[in-house]
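Number of protein chains: 2
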Amino acid sequence: MDALEQTVKQVIQRLNLLRQGERVVVAVSGGPDSLALLHILHTLRTHWDLTLIVAHLDHALRPTSREDAAFVGRIAAQLGLFCVRERQDVRAYAKAHRLSLEEAAREVRYQFLAQVARATQATVIATGHTADDQAETVLMHFLRGAGLSGLKGMLARSRLVLPPREPDTPAEPPVDLVRPLLFTPRRDIEAYLERKGLHPVQDETNFDTAFHRNRLRHELLPLLEREYQPQLRTRLARTAETLAVDWDFIQQAVNTAWEQLAQIHPGSITFPRDAFLALHPALQRRLVRRALFTLRPLLRDVAWDHITNALFIATHGETGAQATLPGHLMLRREYDQIRIESDPVVQEWPQLSEPMTPPLDTNATFTIGDWTLTLRTIPREALDVSPFENTDRWQAFLDANRIHFPVRLRTRQKGDRFHPLGMPGDVNLADFLTAQKVPQAVRDALPLLVDANDRILWVAGVRISADAAVQETTTHILHLMFQKR
Amino acid sequence: MDALEQTVKQVIQRLNLLRQGERVVVAVSGGPDSLALLHILHTLRTHWDLTLIVAHLDHALRPTSREDAAFVGRIAAQLGLFCVRERQDVRAYAKAHRLSLEEAAREVRYQFLAQVARATQATVIATGHTADDQAETVLMHFLRGAGLSGLKGMLARSRLVLPPREPDTPAEPPVDLVRPLLFTPRRDIEAYLERKGLHPVQDETNFDTAFHRNRLRHELLPLLEREYQPQLRTRLARTAETLAVDWDFIQQAVNTAWEQLAQIHPGSITFPRDAFLALHPALQRRLVRRALFTLRPLLRDVAWDHITNALFIATHGETGAQATLPGHLMLRREYDQIRIESDPVVQEWPQLSEPMTPPLDTNATFTIGDWTLTLRTIPREALDVSPFENTDRWQAFLDANRIHFPVRLRTRQKGDRFHPLGMPGDVNLADFLTAQKVPQAVRDALPLLVDANDRILWVAGVRISADAAVQETTTHILHLMFQKR
Numbered sequence: 001m002d003a004l005e006q007t008v009k010q011v012i013q014r015l016n017l018l019r020q021g022e023r024v025v026v027a028v029s030g031g032p033d034s035l036a037l038l039h040i041l042h043t044l045r046t047h048w049d050l051t052l053i054v055a056h057l058d059h060a061l062r063p064t065s066r067e068d069a070a071f072v073g074r075i076a077a078q079l080g081l082f083c084v085r086e087r088q089d090v091r092a093y094a095k096a097h098r099l100s101l102e103e104a105a106r107e108v109r110y111q112f113l114a115q116v117a118r119a120t121q122a123t124v125i126a127t128g129h130t131a132d133d134q135a136e137t138v139l140m141h142f143l144r145g146a147g148l149s150g151l152k153g154m155l156a157r158s159r160l161v162l163p164p165r166e167p168d169t170p171a172e173p174p175v176d177l178v179r180p181l182l183f184t185p186r187r188d189i190e191a192y193l194e195r196k197g198l199h200p201v202q203d204e205t206n207f208d209t210a211f212h213r214n215r216l217r218h219e220l221l222p223l224l225e226r227e228y229q230p231q232l233r234t235r236l237a238r239t240a241e242t243l244a245v246d247w248d249f250i251q252q253a254v255n256t257a258w259e260q261l262a263q264i265h266p267g268s269i270t271f272p273r274d275a276f277l278a279l280h281p282a283l284q285r286r287l288v289r290r291a292l293f294t295l296r297p298l299l300r301d302v303a304w305d306h307i308t309n310a311l312f313i314a315t316h317g318e319t320g321a322q323a324t325l326p327g328h329l330m331l332r333r334e335y336d337q338i339r340i341e342s343d344p345v346v347q348e349w350p351q352l353s354e355p356m357t358p359p360l361d362t363n364a365t366f367t368i369g370d371w372t373l374t375l376r377t378i379p380r381e382a383l384d385v386s387p388f389e390n391t392d393r394w395q396a397f398l399d400a401n402r403i404h405f406p407v408r409l410r411t412r413q414k415g416d417r418f419h420p421l422g423m424p425g426d427v428n429l430a431d432f433l434t435a436q437k438v439p440q441a442v443r444d445a446l447p448l449l450v451d452a453n454d455r456i457l458w459v460a461g462v463r464i465s466a467d468a469a470v471q472e473t474t475t476h477i478l479h480l481m482f483q484k485r
Numbered sequence: 001m002d003a004l005e006q007t008v009k010q011v012i013q014r015l016n017l018l019r020q021g022e023r024v025v026v027a028v029s030g031g032p033d034s035l036a037l038l039h040i041l042h043t044l045r046t047h048w049d050l051t052l053i054v055a056h057l058d059h060a061l062r063p064t065s066r067e068d069a070a071f072v073g074r075i076a077a078q079l080g081l082f083c084v085r086e087r088q089d090v091r092a093y094a095k096a097h098r099l100s101l102e103e104a105a106r107e108v109r110y111q112f113l114a115q116v117a118r119a120t121q122a123t124v125i126a127t128g129h130t131a132d133d134q135a136e137t138v139l140m141h142f143l144r145g146a147g148l149s150g151l152k153g154m155l156a157r158s159r160l161v162l163p164p165r166e167p168d169t170p171a172e173p174p175v176d177l178v179r180p181l182l183f184t185p186r187r188d189i190e191a192y193l194e195r196k197g198l199h200p201v202q203d204e205t206n207f208d209t210a211f212h213r214n215r216l217r218h219e220l221l222p223l224l225e226r227e228y229q230p231q232l233r234t235r236l237a238r239t240a241e242t243l244a245v246d247w248d249f250i251q252q253a254v255n256t257a258w259e260q261l262a263q264i265h266p267g268s269i270t271f272p273r274d275a276f277l278a279l280h281p282a283l284q285r286r287l288v289r290r291a292l293f294t295l296r297p298l299l300r301d302v303a304w305d306h307i308t309n310a311l312f313i314a315t316h317g318e319t320g321a322q323a324t325l326p327g328h329l330m331l332r333r334e335y336d337q338i339r340i341e342s343d344p345v346v347q348e349w350p351q352l353s354e355p356m357t358p359p360l361d362t363n364a365t366f367t368i369g370d371w372t373l374t375l376r377t378i379p380r381e382a383l384d385v386s387p388f389e390n391t392d393r394w395q396a397f398l399d400a401n402r403i404h405f406p407v408r409l410r411t412r413q414k415g416d417r418f419h420p421l422g423m424p425g426d427v428n429l430a431d432f433l434t435a436q437k438v439p440q441a442v443r444d445a446l447p448l449l450v451d452a453n454d455r456i457l458w459v460a461g462v463r464i465s466a467d468a469a470v471q472e473t474t475t476h477i478l479h480l481m482f483q484k485r
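Quick note, the sequences are listed as chains X and R, same order. At the far end of the first sequence sits residue 485, using the UniProt record's numbering, and the numbering has no gaps. At the far end of the second sequence sits residue 485, using the UniProt record's numbering, and the numbering has no gaps.
Any given hint might turn out to be false.
Claimed, not checked - If you want the ones that stay clear, here's a sample from chain X, every Cβ over 12 Å from chain R, calculated:
{"id": "1", "residue": "49"}
{"id": "2", "residue": "93"}
{"id": "3", "residue": "227"}
{"id": "4", "residue": "238"}
{"id": "5", "residue": "305"}
{"id": "6", "residue": "354"}
{"id": "7", "residue": "428"}
{"id": "8", "residue": "467"}
Said to hold, decoys possible - Ranges of calculated distance between the beta carbons of each label pair, as one might list FRET restraints:
{"id": "9", "chain 1": "X", "residue 1": "6", "chain 2": "R", "residue 2": "256", "range": "39 to 47 Å"}
{"id": "10", "chain 1": "X", "residue 1": "21", "chain 2": "R", "residue 2": "320", "range": "54 to 62 Å"}
{"id": "11", "chain 1": "R", "residue 1": "197", "chain 2": "X", "residue 2": "222", "range": "43 to 51 Å"}
{"id": "12", "chain 1": "X", "residue 1": "6", "chain 2": "R", "residue 2": "318", "range": "18 to 26 Å"}
Don't read these hints as lab results, they were simulated from the structure. All C-beta atoms in this analysis are idealised placements derived from N, C-alpha and C, irrespective of residue type, glycine included.
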């Protein structure tokens, strides 16, 4: 057995990464790391009686990506392994969900891998992340000013939990993620490929490291190793390893505290106040974070100041004192409880949890948080009210003859313009919302109805567009209605 | 009240840094940070009824250091404060204790500050470390590959515990250390001095930051802020703040586990095995570290691999299995205990805990770990044994007529040479110890008797020098004897 195969075998044993008879999806880009991983696991498969499934996602980001997919197919065939390949337009996905290319690629990739795992009844996905990737990850988090959970880097075995992409759909059942090469330097991988006569393609994942991460890899890390710490990559991988142990210890304490104290109600989470305040601040901070992510699974980033301020109110505030939190949430200090719930102002407005919904079926009802939206297209003569005399801000009557279907809902974007009914022409949407005294807290997630050309037809709860207003000549009406559940 | 004074007051209140009526030693180099600290605390003193004592250590490292001391004296006099100044030759101290200049300066400075605190009945020492110092500290630890305790940086209030400088003397009673400017960026200090018309001297502490830290401050941090993260200093100070909370949480758990499980015996520490193995690895690792530092208070650095290997033996080893640890210690897996104790090989040899002892009184007995060393100078005719027929390796009879007194004990240094009795001339000491089969583990701390010119007279337990061997003409004998207690 090759020396690296032996080393990886020991890592898998020591950290209990794979179990007897497990079905493993191996993520193979065709680049050096994943190619080595596949060959190593193939060599070791009999030891644990593993069944390997090769999965390759073509991100459609480079001209040669189809060739890479073909290459991975051939490798899998040579090894006699089942291979699932898929092509997805990551650029379009990034645009639709307003993500960076790197974020979009990661989301699409892990969704694909999780799908393959479920379809093949695999319980674990193996990726080729190396000690060098780990060092880069730790350095990246360090420069961002991350805390323990960032500085611990990637874990050798962790749970892959994908947030639901559509609101109100349950999260998919979890799959585990293992990284058997996490303690192996990239140069050892290269030497292994050389010894085995294996020729990888250029690693497609390089694109997703994009500008920032590529600069860390190719400029900053070499500079730091040359000038300050020759062993930096090794040291950072080790830092990650020790911090992961500390993180796990704290996480276990948080889990225990959560199970003992958190009471989950519809739309809010409470903690008994005395017991909460008796906890160490390291746990208090994490319980508040977990409450936020439980109430708002799609929340991306929680600022440090928000939590600090909320904890100050929880500790020192009078009964009734409250602190705003991200995700339109707030913490309220009640007599004998700490409550985290929706900001009441926000409850008065429907809010989109995603920047853009799929095209709307125009004879259907949709759920948007605590609200429903009903759309129907009807002949004008079937209408039993006058479309000109609507006084309900949560209803709109639009001229279906002039609308380019399909319509969608989206949130506002920088530079949005809009022609409000009753005004002579286009205005800046941001200025308009201010003039209409729409609460600051709800503007970012306020639903905007747009047509197929992304023109704004209706600013929900505020005003319809003059371009879609019903006219004398209108024969068909698009009727929309938001209702609080 | 000035804005910065107000900010610092809030920091002191929020973190409970100073208590009502406390006596505070303010460490003042005369540089910007400490000068600002002194003025701010002087303004705030009535709020907590503080008594301030100014302490200045002249490290004798720069030509202008006497002027700085005079400057600090004048400032203290202007404010009507008691001022203690002392001059110490840090370079000589560094050489005597084989420390880097930075380490030596820190040791000498904190010893001085602790002395002043005890002499003036102060319970706390205030230093002028800023958020910039904190960022540099965190960055420095990051590049070294530190874990949580390094990455947390400096604490706003911590206990100052000085290790005893002489073996077997008890550690001094602890004093607290506070850093009220730890969240204040250096530029805010500069603006404050400007507003107040205060003119500091160039900060003397810059020397002790020496080459490495100065490069971090003047080259690396600016580069990282320019190219990668404009807010890096702020981010790192915040990282330190959150990690300090996590560190404190783990520390409390370690304290509890230590009190419950650690049994301290003469020369060893045991843990009940089942209870120890039931602990989270984050605690196991720290209990082993604490055992090491309890048995060896002067230990400097404990390698990660040592602890990992020891924990592996503790967890998976058979009864009787053992792992070496630094400080000539070992961990042994006993039937129902984990024991940490001196390596038995090492117990057979006296070991110096310091690189160099003070000059030895030649008619006295000294304690060296578990051993005593007795010296006496006697006329040859008073000797009741023949100096030529000594067969006890732990005794030496030397020609006092040829020795340049005073003599000392020290440990070996790179390049040491020595003329062993019975050999034609000088040999390399390292080669000689190997040839004589002195166990590797004891060589670094083996006592060497040297004369006033640092010439080796006796390699304890191995051989005397031909240059000090008793001759026919010898009239006075220096007799030395090591005895295991």
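Do the hints match the structure? See the list:
1. Once the 12 Å rule is applied to beta carbons, residue 49 of chain X is consistent with being away from chain R; the minimum gap is 24 Å.
2. The claim that residue 93 of chain X is not at the interface with chain R holds, since no C-beta of that chain comes within 12 Å of its own (minimum 28 Å).
3. Under the 12 Å C-beta cut-off, the non-interface status given to residue 227 of chain X relative to chain R is violated; the minimum distance is some 8 Å.
4. Residue-level check failed: residue 238 of chain X sits 5 Å from the nearest beta carbon of chain R, not beyond 12 Å.
5. The Cβ of residue 305 of chain X sits about 9 Å from the closest Cβ of chain R, inside the 12 Å cut-off, so the non-interface label is violated.
6. Distance check on residue 354 of chain X: its Cβ is at least 29 Å (rounded) from any Cβ of chain R, clearing the 12 Å threshold; non-interface status holds.
7. With a minimum CB-CB distance of about 29 Å to chain R, residue 428 of chain X clears the 12 Å threshold, and the non-interface call stands.
8. In this structure residue 467 of chain X is separated from chain R by more than 12 Å, as the shortest Cβ-Cβ distance comes to about 43 Å.
9. A hinted range of 39 to 47 Å for the beta carbons of residue 6 of chain X and residue 256 of chain R is consistent with their spacing of about 41 Å.
10. At about 36 Å, the beta-carbon gap between residue 21 of chain X and residue 320 of chain R misses the expected band of 54 to 62 Å.
11. Judged by the Cβ atoms, the range 43 to 51 Å given for residue 197 of chain R and residue 222 of chain X holds: they are separated by roughly 47 Å.
12. Separation of residue 6 of chain X from residue 318 of chain R is about 24 Å and conforms to the stated range, judged on CB atoms against 18 to 26 Å.
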